[in-house]
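Numbering-wise, the sequence shown is residues 1 to 245 according to the UniProt record's numbering.
Worth double-checking, as some hints may not be accurate.
What the hints assert, rightly or not - Cross-link-like lysine to aspartate or glutamate pairs, in silico, DMTMM-like; alpha carbons within 25 Å at most:
(1) Lys151 <-> Glu136
(2) Lys39 <-> Glu136
(3) Lys39 <-> Glu139
(4) Lys39 <-> Asp144
(5) Lys210 <-> Asp6
(6) Lys177 <-> Asp6
(7) Lys151 <-> Glu139
(8) Lys210 <-> Asp180
(9) Lys177 <-> Asp203
(10) Lys39 <-> Glu142
Keep in mind that the hints were calculated from the coordinates and are not lab data.
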Amino acid sequence: MFRTRDIFSTIPVTLYYALLNTIFMNVAGFLLALALNRKSRFTSTMRVSFFLPMLIAGIIVGFVFIEIYSPVLDAQEGNMGTLNAFLYLFGMDGLAQNWLGNPALTMVVVVLTGVWNSVGYTALIYLANMQIIPKELYESAEIDGAGYWRKTFTVTWRMVAPAFSINMTLLLINSLKQYDMIAILTQGGPGTTTRVINIAILDYSVSSYKVGLGCAMGVVVTLFVFALVGTTNTMLRRRERETND
Numbered sequence: 001m002f003r004t005r006d007i008f009s010t011i012p013v014t015l016y017y018a019l020l021n022t023i024f025m026n027v028a029g030f031l032l033a034l035a036l037n038r039k040s041r042f043t044s045t046m047r048v049s050f051f052l053p054m055l056i057a058g059i060i061v062g063f064v065f066i067e068i069y070s071p072v073l074d075a076q077e078g079n080m081g082t083l084n085a086f087l088y089l090f091g092m093d094g095l096a097q098n099w100l101g102n103p104a105l106t107m108v109v110v111v112l113t114g115v116w117n118s119v120g121y122t123a124l125i126y127l128a129n130m131q132i133i134p135k136e137l138y139e140s141a142e143i144d145g146a147g148y149w150r151k152t153f154t155v156t157w158r159m160v161a162p163a164f165s166i167n168m169t170l171l172l173i174n175s176l177k178q179y180d181m182i183a184i185l186t187q188g189g190p191g192t193t194t195r196v197i198n199i200a201i202l203d204y205s206v207s208s209y210k211v212g213l214g215c216a217m218g219v220v221v222t223l224f225v226f227a228l229v230g231t232t233n234t235m236l237r238r239r240e241r242e243t244n245d
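Modelling step: build the complete structure from the supplied sequences, incorporating the hints.
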């Protein structure tokens, strides 16, 4: 199995996807939780609108966003995807392109699509932690002259450390087992820029009828996920102890 070059080529792609997805999802989820934690008459509506995409299966998301990212085939006939149509509408046609065909952008586009689909769950975990932070901590920070963003980084961020640990673990696992949305959007392309290891496993198991090789790769991926998550949890627990001290 380990002599197959194709397998090795999927490892950095998979880790790159996991890294980008974990960073983007954590940042977006934390900022969204901050927005939803503020009391306003639109808060309930916003919560529903951001959590609804979680109910949509990755396959459906893939098919929907293929139409959104479609390249400009004929601008005069309006034969283009939704995103490029908006760019033409606002006079930014120079930015219109084949979003899923540009090797430099495809991975970021795929990750952002996943963020839209799942960021509500990450935000929900942060939000649940934010709502149990004692108000006295914010009042003490205000007495010291702290503004909103200073309170966010000195109080909120420190107090949501358990939520950060949970999100990191879940995001790593979900990133390393991602298949359906990427397969629908890009099928691992262009070239091999989004060919994560799960796409290779399915290709070997189904398309090439190498079921034994596919199963062996699946076992290796599972062991790697356990090792990575265990290492990450150890580091995060150490960070939590240092933060609390």
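Against the 25 Å threshold, does the CA-CA distance of Lys39 and Glu139 hold or violate the hint? holds, 17 Å
Going straight from one Cα to the other, do Lys151 and Glu139 come out at no more than 25 Å? This hinted pair holds, its Cα atoms lying about 10 Å apart.
Decide if the proposed pair is consistent with the structure: Lys151 and Glu136, CA atoms, cutoff 25 Å inclusive. holds, 12 Å
Would you mind confirming whether the straight-line C-alpha gap from Lys39 to Asp144 stays at or under 25 Å? With Cα atoms ~23 Å apart, Lys39 and Asp144 stay inside 25 Å; holds.
Hey, Lys39 versus Glu142, does the alpha-carbon distance stay inside 25 Å? holds, 18 Å
Restraint check for Lys210 with Asp180, where alpha carbons must lie at most 25 Å apart: holds, 20 Å
Do the alpha carbons of Lys39 and Glu136 lie within 25 Å of each other, as the hint requires? Judged against 25 Å, a Cα distance of about 18 Å means the pair holds.
Going straight from one Cα to the other, do Lys210 and Asp6 come out at no more than 25 Å? holds, 14 Å
Holds or violated: Lys177 and Asp203, Cα atoms, limit 25 Å. This hinted pair holds, its Cα atoms lying about 15 Å apart.
Lys177 and Asp6 were given as a pair; does the straight-line alpha-carbon distance stay at or below 25 Å? Answer holds: Lys177 to Asp6 is near 18 Å, not above 25 Å.
Figure legend: structure checked against the earlier numbered hints; every hint is met.
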